[in-house]
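Peer 1: Generate the whole structure from the sequences, applying the supplied hints.
Number of protein chains: 2
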Amino acid sequence: MIIGIPVYDEVDMLDVAGPFEMFDWAGFEIDLLAEQKGPKRFRSKGFTFNVEKTFADARAYDAIWVPGGEIAALAAIIDDPNQTYLKFLVAQAARTPKPMVCSVCEGAMLLAAAGLLDHYHATTHWAFIPCFAERFPDVIVAEGNPRFVLDRNRLTGGGISSGLDEALMLIQLLQGTVAAQKVQQSTQYYPDPPVTSAIPAPPPHCLLPPRGAR
Amino acid sequence: MIIGIPVYDEVDMLDVAGPFEMFDWAGFEIDLLAEQKGPKRFRSKGFTFNVEKTFADARAYDAIWVPGGEIAALAAIIDDPNQTYLKFLVAQAARTPKPMVCSVCEGAMLLAAAGLLDHYHATTHWAFIPCFAERFPDVIVAEGNPRFVLDRNRLTGGGISSGLDEALMLIQLLQGTVAAQKVQQSTQYYPDPPVTSAIPAPPPHCLLPPRGAR
Numbered sequence: 000m001i002i003g004i005p006v007y008d009e010v011d012m013l014d015v016a017g018p019f020e021m022f023d024w025a026g027f028e029i030d031l032l033a034e035q036k037g038p039k040r041f042r043s044k045g046f047t048f049n050v051e052k053t054f055a056d057a058r059a060y061d062a063i064w065v066p067g068g069e070i071a072a073l074a075a076i077i078d079d080p081n082q083t084y085l086k087f088l089v090a091q092a093a094r095t096p097k098p099m100v101c102s103v104c105e106g107a108m109l110l111a112a113a114g115l116l117d118h119y120h121a122t123t124h125w126a127f128i129p130c131f132a133e134r135f136p137d138v139i140v141a142e143g144n145p146r147f148v149l150d151r152n153r154l155t156g157g158g159i160s161s162g163l164d165e166a167l168m169l170i171q172l173l174q175g176t177v178a179a180q181k182v183q184q185s186t187q188y189y190p191d192p193p194v195t196s197a198i199p200a201p202p203p204h205c206l207l208p209p210r211g212a213r
Numbered sequence: 000m001i002i003g004i005p006v007y008d009e010v011d012m013l014d015v016a017g018p019f020e021m022f023d024w025a026g027f028e029i030d031l032l033a034e035q036k037g038p039k040r041f042r043s044k045g046f047t048f049n050v051e052k053t054f055a056d057a058r059a060y061d062a063i064w065v066p067g068g069e070i071a072a073l074a075a076i077i078d079d080p081n082q083t084y085l086k087f088l089v090a091q092a093a094r095t096p097k098p099m100v101c102s103v104c105e106g107a108m109l110l111a112a113a114g115l116l117d118h119y120h121a122t123t124h125w126a127f128i129p130c131f132a133e134r135f136p137d138v139i140v141a142e143g144n145p146r147f148v149l150d151r152n153r154l155t156g157g158g159i160s161s162g163l164d165e166a167l168m169l170i171q172l173l174q175g176t177v178a179a180q181k182v183q184q185s186t187q188y189y190p191d192p193p194v195t196s197a198i199p200a201p202p203p204h205c206l207l208p209p210r211g212a213r
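If you're matching them up, the sequences are chains L and Z in order. Each residue of the first sequence is one higher than the last, beginning at 0 in numbering that gives the first Met the number 0. Each residue of the second sequence is one higher than the last, beginning at 0 in numbering that gives the first Met the number 0.
Some hints could be false.
Which copy is meant is left open, so a pair is good if it fits within one copy or across any two.
[As the list claims (entries may be wrong)] Below, computed lysine to any residue pairings styled on SDA-like, alpha-carbon distance capped at 20 Å:
1. Lys39 <-> Ile70
2. Lys52 <-> Pro38
3. Lys181 <-> Pro145
4. Lys39 <-> Glu51
5. Lys39 <-> Lys52
6. Lys44 <-> Asp30
7. Lys36 <-> Asn49
8. Lys181 <-> Pro201
9. Lys181 <-> Leu206
It is worth saying that the hints were derived from the structure and are not from the lab.
Peer 2: Encoded structure:
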């Protein structure tokens, strides 16, 4: 299996690193891709990583994994006059055989802006749920902030850490339950948070700026 | 709060990235440090990141976070004739006021090799538990593969993904329960793995090569 992860400056670290770690233990090949090669910044302060493939180097992926990131970075991608990132997503999703088209966290905003979630059930980080109704009304919002939502070949995750559960689900879909269980064992993924809390109510309005407002 | 994460080539990605993400949402400053500056390889294939501080640039840390990694990398650190990494850990742990001294996954092998877990309760990745009895017999092994073990100012985690629970625990210790709950909300850390499995029995012997056998 080969997974493509298109990244950008100010992408969320765990949205990328958590699934990358799990796919790696599953024996998958993983390509980090960006519009341009070179060092990229995670949104976590002071952490840079290196991308060696551009979108032109893309292979035939079994899944495309779209991570979330800073609001300004998402807005820049959505408002890009060339639509480079969104067109890459559309082209990948249009390939035959169809890849799994996945997002985690606010990565769903990018899939939605590319039109790839229209008429699909989907989720995102709890704070971005209002964006679906305001900005992408043809997306069918899954209730209750699930860890991930599978609808045909679309797999969308909730906020940040949801990517771990979602990555295990993708491994299960692509390689079977035993493969996912082995990754669970290798990564000792038997989570047990030391604190409890409730998912907050979402903000009243979409946190993304209006299209073209930057 | 300031956290120091001493890294090395072939360090585990999620051991670093998971806690880094959580500390960042807590508003902590985080320094990645290494013996030498420059690009480092995660053990996950094809992922490099950049380190801008050497051990000489270390600040006064509220916690030192020691990640695990490839067996050969651990053995190289333990067998290093200059003991550069282990001496750094010892020097940090000796500072006043005392920092929290933490490891995740096989990072416990490095703390143990530095003598910093002797007579402390501790844990590590399930596959490295036999190393305590064989190589570091003064470490008191916590039964049952807990997500993390707190003993005075030592906080040791289980395998890889345990670092997320352990990082939340460290945030709770340093900044309080409300701060940890806010990070749980920001990262939507309400995990729910889609598969279930049991932690395997550990291997019969320590996976580290005998000291000096490389």
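Peer 1: Hint by hint, say whether it matches the structure.
Peer 2: Hint-by-hint comparison with the structure:
In this assembly of identical chains, the alpha carbons of Lys39 and Ile70 lie at most 20 Å apart only when taken from the same copy (16 Å versus 28 Å across copies). Taking the shortest alpha-carbon separations for Lys52 and Pro38, both the intra-copy value of 11 Å and the inter-copy value of 17 Å come in at or below 20 Å. For a Cα distance limit of 20 Å, the shortest separation of Lys181 from Pro145 across copies, 19 Å, qualifies, whereas the shortest one inside one copy, 23 Å, does not. Taking identical chains as interchangeable, the C-alpha atoms of Lys39 and Glu51 lie at most 20 Å apart whether they share a chain (11 Å) or sit on different chains (14 Å).
Taking identical chains as interchangeable, the C-alpha atoms of Lys39 and Lys52 lie at most 20 Å apart whether they share a chain (12 Å) or sit on different chains (18 Å). With identical chains, the CA atoms of Lys44 and Asp30 are at most 20 Å apart between copies only, with a shortest distance of 10 Å across copies and 23 Å within one. In this assembly of identical chains, Lys36 and Asn49 lie within 20 Å of each other by CA distance both inside one copy and across copies; the values are 8 Å within and 15 Å between. Taking the shortest Cα distances, Lys181 and Pro201 sit within 20 Å of each other only across copies (14 Å), while inside one copy they are farther apart (36 Å).
Taking the closest pair of Cα atoms, Lys181 and Leu206 come within 20 Å of each other only across two copies (19 Å); inside a single copy the shortest separation is 38 Å, beyond that limit.
Of the numbered hints listed earlier, not one is contradicted by the structure.
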